[in-house]
Amino acid sequence: MTSNVIGLFHDPESALTAAGRLKGAGFESLEIMSPLPIHGVEKVLGKKKSVIKNFTFMGALIGGISGFALAAGTAIAWPHPVGGRPIITMPPFLIITYELTILFGILATVLGFFISSRLPAFRNRVYVPESAVDKFVVTAPCDDAEHFKRAEAILNDAGAEQVREIGESDL
Amino acid sequence: MSLFSRFMDGWRKYRKPGYYDEFDYHWTMTIDLDKCTGCEACVTACQAENNIPVVGEDEMAKGREMQWIRIERYWEGEYPNAKLSFIPMMCQHCDAAPCETVCPVGATYHNQDGLNAQIYNRCIGTRACAVYCPYEVRYFNYYDHEWDSPLEQQLNPDVTVRGKGVMEKCTFCIQRIRQAKDVAKDDDRRRVQDGEMQPACVQTCPTKALVFGDRKDHESQVYKSMNDPRNYRVLDELNTDSSVFYLKKVDA
Amino acid sequence: MTTETFKLGYNDIHDDVVRSIVKTGPKYYITLATAGSVTLLCFFFPWFYQLYYGIGAAGMNHPGVWGTYLASFIFWIGLSHSGTLLSCVLHLTNSSWRKAMYRSAEAMTLFSLVVAATYVMVHVGRPWFIHWAVPYPNQMELWPNFRSPLLFDVMAIATYITGSTIFIYMGSIPDFAAVRDRTSGWRNTMYTLLSLGWRGTDKEWHRLHWAYTFLAVLIIPLAVSVHSIVSWDFAMSIVPSLHQTIFAPYFVVGAIYSGTAGIVTVMFVLRKTMGFEQYITKLHFDNLGKLLLVLSLIWTYINGVELFTAWYSGTSEEYEALGYKLFGYYAWLYWEMILFCAVAPMLMFSTRFRTSFVPMLILSIAINIGMYTERFLIVATSLSRQYLPDAWGVYVPSLVEISIMVGSFALFTTLFLIFVKIFPSVSMYEVKETMATPKMEPAAPAAGSPA
Amino acid sequence: MPNIDRREFLKLVGAGGVSVGAGFMLREANKDPREYLIPHVLAPEDFSSGLDTFYNSVCSMCPAGCGISVRTREGRAKKIEGNPAHPVSQGRLCTLGQAGLQALYNPDRLTAPMRRTGEGESASFEEITWEQGLKQVGDRLDLLRAARRGNRVAFLTQGVRGHLAQLFESFMRQLGSPRLLHYDFDHPHTLYAANQQFFGESRLPYYDLANTRLLLSFGADYLNNWISPVHHSLGFGESRQGRADVRGRFVQIEPRMSISGAAADEWIPAKPGTEGILALGLAHHIVAEGNYSGADLGAWTNALADYTPDAVAEQTGVPVNTITRLADSFVDTTPSLAIGGGAAGNHSNGVDTLVAVNALNYLVGNIGQEGGLVLNPEPAGPAVQQHRASYSAMVELAEAARQGEIDILIISGTNPVFTLPPAAEFAEALAQIPLVVSLSSFLDETTALADVILPSHTYLESWGDDFPEPGVGFSVGAVSQPVVSPLYNTRGTGDIILDLARRMGSSSVMPWQNMEEFLKYGWRRIYQRGDSQTLAQGFDAFWTSVLKAGAWGETTNGSTAFTLNPDVIAGIGVAPPEFSGSEEGYPFILHPYLSPNFHDGRGANLPWMQELPDPMTSVVYGSWVEVNPVTAEEMGLSEGDLVDIQSPHGQLRVPVFVYPAIMPNVIAIPIGQGHGEYGRYAKGRGVNPIEILSPLLEPITGNLASSATRVNLTPTGGRVKLVKTGGVSRDLGRDIVQHTSLGVEVSSAADNSIPITEVTT
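Same order as they appear, the protein sequences are chains F, S, P and B. Every letter in the first sequence is one number past the one before it in the numbering used here, and letter 92, counting from 1, is 92. Residues are numbered in the numbering used here as their position in the second sequence, beginning at 1, plus a constant of 1000. Residues are numbered in the numbering used here as their position in the third sequence, beginning at 1, plus a constant of 2000. Residues are numbered in the numbering used here as their position in the fourth sequence, beginning at 1, plus a constant of 3000.
Hint data in this document are derived by calculation from the structure and do not stem from the laboratory. Worth double-checking, as some hints may not be accurate.
As the list claims (entries may be wrong) - Calculated lysine-lysine pairs in the DSS-like style (CA-CA distance at most 27 angstroms, straight line):
| no. | chain 1 | residue 1 | chain 2 | residue 2 |
| --- | --- | --- | --- | --- |
| 1 | P | Lys2203 | F | Lys23 |
| 2 | P | Lys2203 | F | Lys49 |
| 3 | F | Lys43 | P | Lys2203 |
| 4 | P | Lys2203 | F | Lys48 |
| 5 | P | Lys2023 | P | Lys2203 |
| 6 | P | Lys2290 | P | Lys2027 |
| 7 | F | Lys53 | P | Lys2282 |
| 8 | F | Lys47 | P | Lys2290 |
Take the sequences, apply the hints, and build the full model.
See below:
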């Protein structure tokens, strides 16, 4: 049976050191839950690179193209002589293009955020409510009791205020 | 891929201005200010022909008159040398109309006769066209107008009665133009001849100051008259390229 | 810089914020009821009357076809221009002083946009056909006219509303999660859904950070474009005194100006009513004051330029427009505007003024009155003096218009009141960021710098 | 070719007739029937709905007698247009004429016969049947006639011509009553008298504006309300820009700038009532300069001795050099033409003034000249004597009524209670008459005082005909036919009179069942005057063609030569005008003028006319008093200030309009508003300047000197917003109305003329 070891810390530094040691001890897929973004996580758990900017870029690109296509396309499909201007009137169409670029960019960004951060997720996952308030929490999955003991030791040693175990069943 | 090719065709065709300069007709009006006496027969003729409502004194006081064609008056000098000039003002049917570009729903556009057409049932009443029109000849229906019975029996069946929230303006009596074209079509598809139809104002002008016709027909009176050395266009500096030409008043 | 807040622990913040949401005194309900009923009486009833009777219910005429409705529209759009826009700027520049209050600022953005959008409906003659201005495929193959500045508006504002909504929501997800844990019953369900199962893991924080940054990057140019476009509704016409290249910057500056003033007002109210004394402090008013001062100077400058160009043009039309603005029928409004928006703000040169709450409140309100006047004058003075003197006329707002204008403020208030009970109106995690992070030795909290 | 000569005209009668009649038949035949099935939301470009039927008729909104062509659709009149075949209107029409539709469809029309019940305050009208109404009147008439006391019947009508006039005449003849009066406020009595004096015929000459090169108008607002405005306008346009290389010059002499004054090239303010003196001043200069070389030169020299330019300048306020300049150009430019009338004729010296104007024409030889003043032949219509009632005639009628000499008064179409000054006490007189019968279509001020109302059709529902006075140099006639079936339970005036005639047993003399029959009877005689081919086609064909064409004319071979009766010359001379009221107490001279929209007030019940901005001031719905800017400044008056205007005979309260072109000591108020009855659109709106006119007479004709009332003007401090459409009437150097000096610009005839047949399509 597998379970998760949970270490609650009072301050980010100790949480980070704890996480560092766990990683050193070969624990995989650590998570640090915190009430606010902690600086220097990368140093401990390694760099994450975000895919969101690609989403944003693609979205914006698509938006731009479709924006112009919308304006020009409809104008061609339905020629509408107006004010002696050409049917395809560049300056105004570019404004439409501009707006749609941004709109699609925004939507794509949100999409990217959801996908890359696995949200929304309503299934039960390891979570410690205190982490939303003032506790910095380090969690790591453990395969067995012996494994758990090791982790507990490391956490306590790092100055955890409290160490808990959350098994599959408790979720 | 036909959609794309269609797009490309349009792309090639539609990128330069004035591709639609080639109207079937190019209706034009000239107004000889040396003849205009300001009698306003044209105004009443227009009211009768186009079902223009009577708004009543209160609305008038609010400045909501409805006159597709109106007479403007300009005084010069002081007594005893005061002079008064009249100038009929109606939709100039500009070929580069500011009002057309601004309508978000395209309720006003340029039709194939070179007329500045107003589509009442497409209008959503932003009134932007009235702001953009430098001649201020667009009139807005601030409410549903009513005709005291039996005055409504006079209403012209060829012209719709506009409801509230709709912009309206001079159409060069498009219903008469249609009628004339219809006759021309029925009678072996000839072109409408000069003088075959006239808007109500032109038809009734007691001094014949107003002349109407097809600019494309170089034999037409209007063509000759618009090339009269006295011709000018009001607010020409705005480059509205209007279809109404005025003939200067002669001082003598 | 975190002098006030550092004494507090993370917990206190929670308690305060959650209390602000859960604990609802009778005062709140009374205000809500009043605001709600005023909205109904002053906004919706007159509007329905106008729908029934026609735009004639308002004072508009020929040539004054645009009136207070449009002025209000611009005003509300303008008011929206400091929430989202500024929090984007500040997010990117990492200036933390505003974090305590930016959420309510963004809410302002959102709701003033909503009100502005409603005003579009109030303004047009046949709102029941307003959807024709939206490009959607239809069997008539009719499309809107993409050359129209008014259509730029439709696109820009639609985008702007979407953007702002998303921006404020993304920012609130962690706080929803936090509140979720402290609430029960229907609130809990609601926040569970809203927080999307946020856990605050390092990964989520990381993603949120980036997403947020990109949004900010996108929204800044958007916000700028929105008000430029609104200005083009006028500037693209050939009406004397409207047909000016300076209009776009003029409107943008004016927008941020009135928006910032609006923030001050809202901040003050929140501070008093929600008991956020610790989070919204002298510091904020001081900084906002500086910002306002700069903006008012720029605004004044642009106004001067406007007058100068009009005079320099030398055409009868521009002269007339100029003279009419300064000494004509609406002149007293013009000078009132100058007093409120150009002269009064000079007070903010003094730090004592900036850091004292009530005077700032009064000034901020005065500025917004002035800015409303500005928008009204832009519409009224220019339309009543155009090219053909014989067609000149004067426009005077009707009761219906005035009442709807009053009502729109009530509408805004109502929406805002509802907001503060749903959204954590202070961004908890960002406030926490501004605080000293706890150290190894819990006993001795070190003063100052966050890690 | 807009000015048409006799031959041209006859062609047009044919052309017009064919195009009007057959044109639409032809089109109908050509139509594709499927086109009628298209719903009329937004018609496709090639779609025209329905079919128009045009009926030619005669306009009765003013005495000009223009031919009209009424467009009807499904039995409803939709629009009135000028009849292109009619030489007076030539396809054009004035604003009042077009508004005739709203007289037809007016919501305030009388829909059925009515009888007064109750007295004084409690008086009201109850609906009755025609039989009842006609019986009540007919019996009384029969009684009187039987008792040989028919002269106790009076008949008061508007100025009608043609067979209706003849019908009235024979009707009264049956009664043996001389009391048949044609009364119109604006009837130019003085002009007729002047022509009688000068030309020896009480008829109006034809003023050939179209071909003149210089027109001097002494107070005649010929483009607006004077005699035949539409025809004058046609002439004006033609003279101005209709001819190659010639541009007519127009000079207007009047104290307050009228529409004609605005259209003129030169507007010369002369003291009210001194127009005639000015005319003689010109004459004197012409003679003195030796520009007149007639046999009777000596006589003229004597007659004009006193009118030296200096003396005249002193009296008229017109500078000497202007006088001489005008005189010289009047001689040098030929053809030239001088016309006089309007306010100039409504002074104590009215007749002399107009005689002086005729003299001016005589001296430069304009009489009988093209582009001058052409004497008209006898009107072709039935011979009727003049029943034109001047103010004094009306006063006599009122007096007779007060003396109880009148038992029945029949009133048709005229509204004396409104158009007579209170001094005539006409309303009071009506109360003295046992039976007042009104044949009006509307409840106007006079009808409101009637005992029995027998409502007539409007002119668009009834039969009639008209022979325009003045003719256009040759005899013209037109038949007015019903263009729509009657809307209400009303009857044609002619039919009512015929019915009454039957009831008083005159059917032997007046056997006709209805007006149409009587018309045909009358026109048969006209038909018999026709040439051989006309006669060949038979009367019915002739009648149809007249109805189709809506006009009939005949060339006259009477010579237009004219020789002046020498004794006239001696009598020439214009006395200074008299005014009622002292100059001290009443510093201003009131200049009432016929409103372009309402004429003498008859147009006030037409919404279009109420809403039509006054051409000169753009004021709608109401009255105003025009004040010279300088005077206004001195008195501290600005637009909208309410002032009390007091004359020896009454007082009015009316807002000020600062009018740039009116003499400082003259104020002007338009006639037409200020109705106490006459329907929802007219009632209680503005003021009626006639109410304060002094009963000052022109001695020869007994015409009311309506421009000779002195008034004073006192600010009340009150203020109203003058409802007007105009904003600022100065173009501030924006060059909206552009001008050019005479020269190259004069365009050739072809450019601006419209062949007048085309408008029938």
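Evaluated hints:
1. With a CA separation close to 16 angstroms, the supplied pair Lys2203 (chain P) and Lys23 (chain F) stays within the 27 angstroms bound.
2. Between Lys2203 (chain P) and Lys49 (chain F) the alpha-carbon distance is near 10 angstroms, which keeps this suggested pair within the 27 angstroms criterion.
3. Distance check on the hinted pair: Lys43 (chain F) and Lys2203 (chain P) sit about 13 angstroms apart at the alpha-carbon level, within 27 angstroms; holds.
4. Taken as a hint, the Lys2203 (chain P) and Lys48 (chain F) pair is honoured in the structure, with Cα atoms around 8 angstroms apart against an allowance of 27 angstroms.
5. For the suggested pair Lys2023 (chain P) and Lys2203 (chain P), the alpha carbons sit about 33 angstroms apart, so the restraint of at most 27 angstroms is broken.
6. Note on Lys2290 (chain P) and Lys2027 (chain P): the hinted pairing is violated, with a Cα-Cα distance of about 33 angstroms set against a maximum of 27 angstroms.
7. Of the supplied pair hints, the one linking Lys53 (chain F) and Lys2282 (chain P) is violated, its CA atoms being roughly 38 angstroms apart against a limit of 27 angstroms.
8. Restraint check: the Cα-Cα separation between Lys47 (chain F) and Lys2290 (chain P) comes to about 39 angstroms, which exceeds 27 angstroms; the hinted pair is violated.
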